[in-house]
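Undergrad: Heads up: the sequence lines are chains A and B, in that order.
Counting from 1, position 67 in the first sequence corresponds to residue 67 in this note's numbering; the numbering is continuous, with no gaps.
Counting from 1, position 99 in the second sequence corresponds to residue 99 in this note's numbering; the numbering is continuous, with no gaps.
Keep in mind the hints are simulated off the structure, nothing from the lab.
No experiment lies behind these values; they were computed from the predicted model shown.
Ideal Cβ placement from N, Cα and C applies to all residues, glycine included.
Please note that the accuracy of each hint is not assured.
Only part of the chain A face toward chain B is listed, based on derived beta-carbon distances under 7 Å [what the hints assert, rightly or not]:
#1 L26
#2 I66
#3 P87
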Amino acid sequence: MAEDLLLHTTETGDWTLIEVKGEVDLYSAPRLKELIGDLAGGGRSRIAVELEGVEFMDSTGLGVLIGGLKRCREAGGTLALVAPTEPVRKVLSITGLDKVFPIHDTTSEATAGS
Amino acid sequence: MSATGTTERFSIELRADPAYLATARMFAATVARQVGVEEELLDDLKLSVSEACARALASEPNRRLRVVAIRMEDRLQFEVRQGEPGDAAGPGTGVLAAGLSLELITVLFDDAEVTRDVDGAPVVRFSVPTA
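Put together the whole structure using the sequences plus the hints.
TA: Put into structure tokens, the structure is as follows:
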């Protein structure tokens with residue numbers, strides 16, 4: 001059965017970093033969706049999602065990230081992806097979403113932008 | 001048993017619950033490793049099995065999931081189909097739209113197809129080469 005998705009948030013200035021560990025799929029994605037929604041709705045619209053610990057992400061996970069990017073942009077911010085693993089990079093590439101999201105190798109790079 | 005050689009079947013039936021998608025992925029990867037599918041194909045395989053299961057849950061949340069792996073001469077064919085009516089997904093699991101699922105599977109596996117079972121239920125089928 002599914003293991004829990006681990007979500008840890010840290011605030012640095014205007015940015016909120018979400019460290020994600022585990023597998024993001026139809027079962028676990030709603031928790032990430034809820035967290036991003038709460039942050040964006042609460043004024044934290046510059047979000048960096050660190051994916052170094054995510055070895056699996058399906059289309060539901062992608063949908064959550066797309067929805068999150070949209071919400072953040074509507075609130076004047078953005079949603080960046082940090083250090084996606086090879087499986088996640090592949091699904092981003094297949095869907096063309098690697099051209100939609102800001103993608104960075106480190107959190108420092110992601111949060112350096114305004 | 002096929003005319004040209006031995007055919008082995010492995011199958012698993014799971015509750016209609018997104019919490020069991022990880023189990024479906026693990027099953028697919030375990031069988032694939034056992035029959036010699038290259039390691040570099042396993043990520044694509046797990047994604048496709050998971051997407052097919054999610055698609056089945058989205059279309060018929062009250063039917064159990066059945067994942068079948070059929071070892072053929074030089075390929076391992078996967079079928080994701082709906083099983084018997086069973087317990088519906090538990091509260092709070094939330095079935096989100098899986099609109100991209102089939103598109104992803106067809107990009108990853110050239111022979112991916114969706115057919116209908118004898119009772120009209122959809123079957124997603126694709127295969128990977130074995131060593």
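Undergrad: If you take the shortest Cβ to Cβ gap from A:L26 to chain B, is it below 7 Å?
TA: holds, 4 Å
Undergrad: Quick one, is the A:I66 hint okay against chain B at 7 Å, beta carbons?
TA: violated, 10 Å
Undergrad: Let's test the interface hint: is any C-beta of chain B closer than 7 Å to that of A:P87?
TA: Holds: closest Cβ of chain B sits about 5 Å from A:P87, inside 7 Å.
Checked against the numbered hints given earlier, the structure breaks only hint 2 and satisfies all the rest.
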